[in-house]
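> This is what each chain is made of:
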Amino acid sequence: AQTVTQSQPEMSVQEAETVTLSCTYDTSESDYYLFWYKQPPSRQMILVIRQEAYKQQNATENRFSVNFQKAAKSFSLKISDSQLGDAAMYFCAYRSAALYSGNTPLVFGKGTRLSVIA
Amino acid sequence: DTGVSQDPRHKITKRGQNVTFRCDPISEHNRLYWYRQTLGQGPEFLTYFQNEAQLEKSRLLSDRFSAERPKGSFSTLEIQRTEQGDSAMYLCASSSDRRLGYGYTFGSGTRLTVV
Numbered sequence: 529a530q531t532v533t534q535s536q537p538e539m540s541v542q543e544a545e546t547v548t549l550s551c552t553y554d555t556s557e558s559d560y561y562l563f564w565y566k567q568p569p570s571r572q573m574i575l576v577i578r579q580e581a582y583k584q585q586n587a588t589e590n591r592f593s594v595n596f597q598k599a600a601k602s603f604s605l606k607i608s609d610s611q612l613g614d615a616a617m618y619f620c621a622y623r624s625a626a627l628y629s630g631n632t633p634l635v636f637g638k639g640t641r642l643s644v645i646a
Numbered sequence: 081d082t083g084v085s086q087d088p089r090h091k092i093t094k095r096g097q098n099v100t101f102r103c104d105p106i107s108e109h110n111r112l113y114w115y116r117q118t119l120g121q122g123p124e125f126l127t128y129f130q131n132e133a134q135l136e137k138s139r140l141l142s143d144r145f146s147a148e149r150p151k152g153s154f155s156t157l158e159i160q161r162t163e164q165g166d167s168a169m170y171l172c173a174s175s176s177d178r179r180l181g182y183g184y185t186f187g188s189g190t191r192l193t194v195v
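Residue numbers (this note's numbering), protein chains in the order written: chain A, 529 to 646; chain B, 81 to 195.
Honestly, the hints are just simulated from the structure, not real lab data. Any given hint could turn out to be false.
Simulated crosslink set (DSSO-like; lysine-lysine; CA at most 30 Å straight-line) [to be verified]: (1) K94/B - K137/B; (2) K94/B - K638/A; (3) K137/B - K638/A; (4) K91/B - K151/B; (5) K598/A - K638/A; (6) K601/A - K137/B; (7) K91/B - K638/A; (8) K583/A - K638/A; (9) K601/A - K638/A.
Output of the computed footprint for chain B on chain A, the stretches with three or more beta carbons under 8 Å from beta carbons of chain B [said to hold, decoys possible]: (10) 549 to 555; (11) 568 to 579.
Beta carbons: idealized from backbone N, C-alpha and C, even for Gly.
Kindly generate the complete structure, drawing on both the sequences and the hints.
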């Protein structure tokens, strides 16, 4: 079974600075998707960025970018120019790309709580 | 597209009572998922539906839990004889097979407190 590990329970960053959140995963599959979700306090989970395993190029969405190292099974999230609104729980998630392989739900890590200091 | 709706947002119940939650997915999404999230933890998969068929159930889903998705539209999650350990946020999400790599759209969740 696939597992996702986020080794940083909490992180903090000064406003306008850059922070990197770590994520590693374990899988025997070669084709899959990776995601970072943001969950603000008492609000719903929203997708921040996604990465397809077959693409070598790292995904970027405005101030958010990833460092995808497939061989190392590492998928870190970099937030540049941090803003107060970035404060939230961040979850790394894995999903098999095999549509009919059976169990293909998203597997989540335990999350990293990010605080942004003004 | 009004997103994924969950009802109620909050539920307080006495131990031993039955509760039922509802989820309305995005209309064109054929897959619907239920997750449970306890404080400070990541969501844990409970079960999912492809259209009206329930295809997978986690071992977290004890016999007291049952989920349905009649006609492949909305879904309900029922917990019978609630226990204090059932207190959690119950998240519903939906996705489309045509956009497999785009993750899920989540609802705001139902927070259950068993007293």
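> For the pair we were handed, K601/A and K638/A, check the Cα-Cα distance against 30 Å.
With Cα atoms ~17 Å apart, K601/A and K638/A stay inside 30 Å; holds.
> Is K601/A within 30 Å of K137/B, Cα to Cα?
27 Å, holds
> Do three or more residues from the segment 549 to 555 of chain A put their C-beta atoms closer than 8 Å to C-beta atoms of chain B?
This one is violated; 0 residues, fewer than the three required, reach chain B with a Cβ under 8 Å.
> Between K598/A and K638/A, does the CA-CA distance stay at or below 30 Å?
21 Å, holds
> For the pair supplied as a hint, K137/B and K638/A, is the alpha-carbon distance within the 30 Å limit?
It holds: about 21 Å lies between the C-alpha atoms, which stays within 30 Å.
> K94/B and K137/B: Cα distance at most 30 Å?
26 Å, holds
> Compare the distance between the alpha carbons of K91/B and K638/A with 30 Å, and conclude whether the hinted pair is satisfied.
24 Å, holds
> Run the distance test for K91/B versus K151/B: straight-line Cα separation, threshold 30 Å.
26 Å, holds
> If you draw a straight line from the CA of K583/A to the CA of K638/A, is it 30 Å or shorter?
The given pair, whose Cα atoms are some 26 Å apart, holds under the 30 Å limit.
> Has the segment 568 to 579 of chain A got at least three residues whose CB is nearer than 8 Å to a CB belonging to chain B?
holds (count 6)
> Sort out whether K638/A lies within 30 Å of K94/B, counting only the CA atoms.
29 Å, holds
The structure fails hint 10 only (numbered hints given earlier).
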